[in-house]
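Peer 1: The numbering of the sequence shown is this note's numbering, which starts it at 1 and goes up by one.
I should point out that these hints are in silico values taken from the structure, not numbers from a laboratory. Take these hints with a grain of salt, some might be off.
[To be verified] Pair by pair, the computed Cβ-Cβ distance ranges are:
1. Ala78 x Pro106: 15 to 23 angstroms
2. Gln83 x Asp108: 25 to 33 angstroms
3. Thr16 x Arg60: 19 to 27 angstroms
4. Met1 x Met105: 15 to 23 angstroms
5. Gly34 x Arg60: 19 to 27 angstroms
6. Met1 x Ala56: 26 to 34 angstroms
7. Asp85 x Thr16: 32 to 40 angstroms
8. Gln104 x Pro49: 25 to 33 angstroms
9. Leu98 x Arg60: 16 to 24 angstroms
10. Asp45 x Thr16: 31 to 39 angstroms
Just so you know, even glycine gets a beta-carbon here, dropped at the ideal spot from N, CA and C.
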Amino acid sequence: MRFVGVFNRDGGTFRTTDMDAFAARAVEIFRDNGHDFEPRIVAGDVLIPELERAAAAVARAGDVLVAGGGDGTVSAAATVAFQHDVPLAVVPAGTMNLFARSLQMPLDLEQ
Numbered sequence: 001m002r003f004v005g006v007f008n009r010d011g012g013t014f015r016t017t018d019m020d021a022f023a024a025r026a027v028e029i030f031r032d033n034g035h036d037f038e039p040r041i042v043a044g045d046v047l048i049p050e051l052e053r054a055a056a057a058v059a060r061a062g063d064v065l066v067a068g069g070g071d072g073t074v075s076a077a078a079t080v081a082f083q084h085d086v087p088l089a090v091v092p093a094g095t096m097n098l099f100a101r102s103l104q105m106p107l108d109l110e111q
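Whenever a hint applies, use it, and build me the whole structure from the sequences.
Peer 2: Next up, the structure:
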């Protein structure tokens, strides 16, 4: 399966993360589990247009959209995923991660 990840480098813990190293590790983790992963690291001010582009590509190919960032990023991604009728996976990397906490998702980025 193929995943396209849009990571908001301005969100929460991503602000202090080496995003190139994080993206490379994500590619490795997905590959080790038999999947392809395309990371897209963006600034918060272009997040929604990039989510739209990624969701359109995902919809055409039958892939999965991944959103990484805080609750604002997740909320925007959920709206875009719903509008494009594509599945959404979440990488919680915000300050509070209320969405992820309410679903009891692991908050460790590698998990």
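Peer 1: Confirm or reject each hint.
Peer 2: Each hint, compared with the structure:
no.	hint	verdict
1	Ala78 x Pro106: 15 to 23 angstroms	holds (19 angstroms)
2	Gln83 x Asp108: 25 to 33 angstroms	holds (30 angstroms)
3	Thr16 x Arg60: 19 to 27 angstroms	violated (35 angstroms)
4	Met1 x Met105: 15 to 23 angstroms	holds (19 angstroms)
5	Gly34 x Arg60: 19 to 27 angstroms	holds (22 angstroms)
6	Met1 x Ala56: 26 to 34 angstroms	violated (18 angstroms)
7	Asp85 x Thr16: 32 to 40 angstroms	holds (35 angstroms)
8	Gln104 x Pro49: 25 to 33 angstroms	holds (32 angstroms)
9	Leu98 x Arg60: 16 to 24 angstroms	violated (32 angstroms)
10	Asp45 x Thr16: 31 to 39 angstroms	violated (19 angstroms)
Of the numbered hints given earlier, the model fails hints 3, 6, 9, 10; all others are met.
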